[in-house]
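J.: Just so you know, the sequences run in chain order C, L, Z and P.
If you count the first sequence from 1, you need to add 436 to reach our numbering.
If you count the second sequence from 1, you need to add 436 to reach our numbering.
If you count the third sequence from 1, you need to add 436 to reach our numbering.
If you count the fourth sequence from 1, you need to add 436 to reach our numbering.
Just to be clear, a hint being listed does not mean it is correct.
Pairs count within a copy or across copies, as identical chains cannot be separated in the list.
What the hints assert, rightly or not - SDA-like mimics (lysine to any residue), calculated; alpha carbons at most 25 Å apart, straight line:
(1) K635 x D609
(2) K741 x N465
(3) K635 x G579
(4) K480 x T649
(5) K714 x R509
(6) K480 x A742
(7) K635 x E605
(8) K480 x V513
(9) K714 x H514
(10) K635 x F575
(11) K635 x D651
(12) K440 x R512
(13) K761 x F531
(14) K638 x V604
(15) K761 x T528
(16) K443 x Q495
(17) K554 x I589
(18) K635 x V604
Don't read these hints as lab results, they were simulated from the structure.
Protein chains: 4
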Amino acid sequence: MIIKLEKNLNPQVIDNLKSNLKNIGYQGNEVKTQFDHYLICIGKKPFDLRNVGCMEGVQDIHKVTDPYKLVSRQWRVHDTVVDLGDDVRLGTGHFQIMAGPCSIESEEQVVGTVKHLKENGVRIMRGGVYKPRSSPYSFRGLGIEGLKMFHRICSEYGVKIITEVMMVEQIEDMLEYVDIFQVGARNAQNFNLLDALGKVDKPVMLKRGISGTIDELLYAAEYVFSNGNERILLCERGIRSYENAYRNTMDVNAIAMLKDKTHLPVIGDPSHGIGIRKFVEPIALAAVMAGADGIIMEVHETPEKAFSDGQQTLNYDEAGQLYAKMRQAFQMRSGWN
Amino acid sequence: MIIKLEKNLNPQVIDNLKSNLKNIGYQGNEVKTQFDHYLICIGKKPFDLRNVGCMEGVQDIHKVTDPYKLVSRQWRVHDTVVDLGDDVRLGTGHFQIMAGPCSIESEEQVVGTVKHLKENGVRIMRGGVYKPRSSPYSFRGLGIEGLKMFHRICSEYGVKIITEVMMVEQIEDMLEYVDIFQVGARNAQNFNLLDALGKVDKPVMLKRGISGTIDELLYAAEYVFSNGNERILLCERGIRSYENAYRNTMDVNAIAMLKDKTHLPVIGDPSHGIGIRKFVEPIALAAVMAGADGIIMEVHETPEKAFSDGQQTLNYDEAGQLYAKMRQAFQMRSGWN
Amino acid sequence: MIIKLEKNLNPQVIDNLKSNLKNIGYQGNEVKTQFDHYLICIGKKPFDLRNVGCMEGVQDIHKVTDPYKLVSRQWRVHDTVVDLGDDVRLGTGHFQIMAGPCSIESEEQVVGTVKHLKENGVRIMRGGVYKPRSSPYSFRGLGIEGLKMFHRICSEYGVKIITEVMMVEQIEDMLEYVDIFQVGARNAQNFNLLDALGKVDKPVMLKRGISGTIDELLYAAEYVFSNGNERILLCERGIRSYENAYRNTMDVNAIAMLKDKTHLPVIGDPSHGIGIRKFVEPIALAAVMAGADGIIMEVHETPEKAFSDGQQTLNYDEAGQLYAKMRQAFQMRSGWN
Amino acid sequence: MIIKLEKNLNPQVIDNLKSNLKNIGYQGNEVKTQFDHYLICIGKKPFDLRNVGCMEGVQDIHKVTDPYKLVSRQWRVHDTVVDLGDDVRLGTGHFQIMAGPCSIESEEQVVGTVKHLKENGVRIMRGGVYKPRSSPYSFRGLGIEGLKMFHRICSEYGVKIITEVMMVEQIEDMLEYVDIFQVGARNAQNFNLLDALGKVDKPVMLKRGISGTIDELLYAAEYVFSNGNERILLCERGIRSYENAYRNTMDVNAIAMLKDKTHLPVIGDPSHGIGIRKFVEPIALAAVMAGADGIIMEVHETPEKAFSDGQQTLNYDEAGQLYAKMRQAFQMRSGWN
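Sequences and hints are given; from them, build the entire structure.
T.: Following this line, the structure appears as structure tokens:
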């Protein structure tokens, strides 16, 4: 059960509400986000919605049978649209492409990429400055100084930034240079990181874990939301399966199902989803047709020279053609609704 | 190495050729199909193509480094198109829908379905008369009499039939009533069945195994081809993964990769690929965009009353809309090439 | 529900019984095995056991809530012991080793192996004469003539034979030369083969499918049993997982769980379970401790020269040491019960 | 290549060494642990070991072809033994049991468990005070105050503590109350946490990721070691597979293989490995026979009342019997070497 509270409630009223709920067998968890104030009530006993609805302080009440609550579609009529400002919106009906290199490597690289994006009408650039790497001896990113440079150039060109955050301590430093925090597949169940990202007012994109279930992804989003941040994107990036012919197995089923289960925007990542350059195009298009609200993909001027992930990165030409096809596919899909 | 032999060769010439190949370290396997005559040469030693090319009886010669040979794209310039007659073709550029119930249940059911297909321009009907079932106590299909009825009605309406064959002994009986033999996921490595299907001149559609690899699927096709039958279709129908939110995990990566590795047509099965009715549409469309040459899907007048697989079966209305969307998506994709 | 019928019932009595059962919502499937006569009743309605118990022809009645019936432990008090004659028994309390090469290659090979087994007190020899191979160009076994030779030598030495059957047509030819029919992982859901093996009075060992579930394995056994053959062994041989460091992932959980769910003997196959020679020993011992009633493993005089599976095959010395350790481990485990 | 440096080297010597290595194509990463001082050299060019061996500052040099270096068995002759003091050692030849509840719940619970452990000669108690939970609304542990209480009681009874750390910020607070830091499966690739745990002189046990590979686990250990901490344990706790009959699939193959690939101790976790109480015993014993140097398992006075994981937790009686059997199995295995 989700109770939307009236604005500016006296704490005493909330306490009373909680103890009334306790009496009918429900534990009330208070959640205050950048937009609203809720009580998330966990319990199993049947109860009469009307009895709760008339308690003091209750503005609205919704039954949610899903195990996750705030991120469920069961209580929210309208899909969430995450607004980055400057007319850049993510969510149902607002198809967005996020493109860029795996790693931020240099100023020239960022300038070159930003120009490529601008020419192609892409509004969001991806690029890692903190890189999770299997081996401790690999390149681990340019760090906060790289991010500042990345931000300076993108601001100049009016391009938004999505970049990965790996630990709680990095959040504060990164905050003003980032438009979307990305949580990587390896941190998909790093609950402390999720808690902390729930306490800032910046959008967060959660990648599905390496072998994460749909439910685990939704629970991860519930962590962020219940800590106070409603601006969440979910990202399908391929799962680990027995098949070794590709890096990961893009799970388009997840895209279709997530669009049904939650009001949050769903993004597809075909670069990691298959991990082989020449197949990024068909997989990106498949993700769009399965219902993705956006695509995040790796682009580099010279993929073969990229510091990381070159084998799954498109060059500018290939990417430009794919942007156009994805938009055409999205247009067609939109026409059907 | 694949050697295409000249027509009507004297057996002695072939024997000589084999022993010459043996001398350079290659074992020659003779393959005679409905269309051509080949020697498939297995070995590892480097050799000079020209030396082989000038041997007696050799019409053409191709190096194939893939572990599977005849089904590899490496030697065949043109994609295979499987022609069912009456202008029904399967393969690159010829998008086909195959639809129908999981099981053939009754004459009325077949008539109703055929009419629905005709109205929607669908040329191939699916329907099982031999059903592989986990439990020995479940309905196992109407058998050969059901197939005869199925065939009688389809012939009348000019609709082609695809149906599953489960064992070698069934092939002969089924032969004249079937347009495409389907080999199910549970028989994906039933090598004797594959051998036997290589010896008839009827198209065969091979479903990927429950947890089959791309290579295993291609090897299965190699079994059929090397026994003499070049008319093969491959079908991606979802794999078994750790995710239980759906029956199977549709692997669109496989579609994209198979189209690259082999000259054979590739079909997608969204009904089994996700196993949940309301998601069949997005997954079917995703499969088309990933490169599928056709879609096989479950349709029933009243899915909730179907003998099997009702939960993943569309009714006529839903199916009709999906046919149109798939064709539109295929059209768009074709426009890009 | 499983009804054990009285011996030599008049068919009319059985028909009456079936129609009485139908009246309370149960479909009765008659099963006649080499030992007993049953009605397996499939239905969902609650009923009073006593009412059924007093019907004419009913000797005994058991409620079985598992989806599989005859193979469930719920109705059978004593574990099944499969008796091969000559004091060779398989089942709880009778630890058996089955060892031998992947493929039968020659008379010398069989004689050498049989002698090795005799010296080590191993009573059952494994060896394939029909080999399922991924590639159609690989060695596919010596066939029925190989089996006759294999049988001639083993009979002479008093060693029992387990060998794989791949198709229905082979059963009759193989029948008199085989002590246990093995169904391979690729045929784990070849239901026609299972049906046919239910109709002969020879023990059958069912390998779990490549990615088979516990339930699928038990259902496969139900196929054999419900067709009339109670002499069934189950075999855990490793599953396909995302981990590529080994050929398969030995699933000792399955051994522990199968021993709980069914009265049938459970065998472990460490050779396929890990697929790497130097680890066969610890995995074999782990399988014994998890509860296996026997171990099937690959042994060859010179593994590096074996026609197939050499990389997972032990030589005579290694095998001899392992036999002793397994027996010691089994002894210790037995002491605890 | 791993170079062991001489003690107390002048930094100038190390710099020279690094630049000499650079000249032959190797990047030297300096690693200083609680025991030794190394240069880990990453590169691909062939070189003459003797030329490097005679450089100034080099005490010893080892070629390591594995992708991970310091944790590889290739350079270390003797297995690592982690010494917790008071005669509690972990590693080859020193079998240890770690037992206790999933979560620390109360003082009475800790006292009761410690007494149970003392009576049974178990030297290490497990128990979580920071609990990773899928849902943000679940009990998340007693936190640092719980740990202090846990530590106070264990110190009194001379029992060592292993407990999970979830984030970098917790390390400092926990440091004096912990004998072994546990990194959970969900943090298996939380590289910042691994870095930080490399900088303290306390043993660290790394659980394999939910779907982690052997290589990823070894790389995680390389993170800890290369940051300065050589006292590492690895733990197999079951992987996520397609099989839903159990919570996880215990991978005994991993135990056998890890004992071969690394000099670090390997622990098995049967409680999570199968997740069902009645099967913990056979799986624990299987893990011992596969080569585990220790077992970590969940024990509770009244499992059905445990705050978490009750379904896979043994009571004192069951646990006591299992301790004895595991020791007997370990004894038998040791006798064979």
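J.: Would you mind marking each hint as holding or not holding in the structure?
T.: Hint by hint, here is what the structure shows:
Taking the shortest alpha-carbon separations for K635 and D609, both the intra-copy value of 14 Å and the inter-copy value of 23 Å come in at or below 25 Å. In this assembly of identical chains, the alpha carbons of K741 and N465 lie at most 25 Å apart only when taken from different copies (23 Å versus 50 Å within one copy). Taking the closest pair of Cα atoms, K635 and G579 come within 25 Å of each other both inside a single copy (22 Å) and across two copies (20 Å). Proximity of K480 and T649 under a CA criterion of 25 Å is satisfied intra-copy only: 24 Å inside one chain copy versus 32 Å between copies.
In this homomeric assembly, K714 and R509 come within 25 Å of each other (Cα to Cα) only across copies, at 16 Å, whereas the closest approach inside a single copy is 36 Å. For the homomeric pair K480 and A742, the shortest alpha-carbon distance between copies (19 Å) is at most 25 Å, but the shortest distance inside one copy (53 Å) is not. For the homomeric pair K635 and E605, the shortest alpha-carbon distances inside one copy (13 Å) and between copies (17 Å) are both at most 25 Å. Taking the closest pair of Cα atoms, K480 and V513 come within 25 Å of each other only inside a single copy of the chain (24 Å); across copies the shortest separation is 39 Å, beyond that limit.
For a Cα distance limit of 25 Å, the shortest separation of K714 from H514 across copies, 20 Å, qualifies, whereas the shortest one inside one copy, 37 Å, does not. Proximity of K635 to F575 under the C-alpha cut-off of 25 Å is restricted to the inter-copy arrangement: shortest distance 20 Å between copies versus 30 Å within a copy. In the homo-oligomer, the alpha carbons of K635 and D651 lie at most 25 Å apart inside one protomer (22 Å), although the nearest pairing across protomers, at 35 Å, exceeds that limit. Proximity of K440 to R512 under the C-alpha cut-off of 25 Å is restricted to the intra-copy arrangement: shortest distance 11 Å within a copy versus 56 Å between copies.
Taking the shortest alpha-carbon separations for K761 and F531, both the intra-copy value of 13 Å and the inter-copy value of 20 Å come in at or below 25 Å. With identical chains, the CA atoms of K638 and V604 are at most 25 Å apart both within one copy (14 Å) and between copies (23 Å). For the identical chains of this complex, K761 and T528 are neighbours both inside a copy (19 Å) and across copies (20 Å), given an alpha-carbon limit of 25 Å. Taking the shortest alpha-carbon separations for K443 and Q495, only the intra-copy value of 9 Å comes in at or below 25 Å, while the best inter-copy value is 71 Å.
Taking the shortest alpha-carbon separations for K554 and I589, only the intra-copy value of 12 Å comes in at or below 25 Å, while the best inter-copy value is 59 Å. In the homo-oligomer, the alpha carbons of K635 and V604 lie at most 25 Å apart both inside one protomer (11 Å) and across protomers (18 Å), since each shortest distance falls under that limit.
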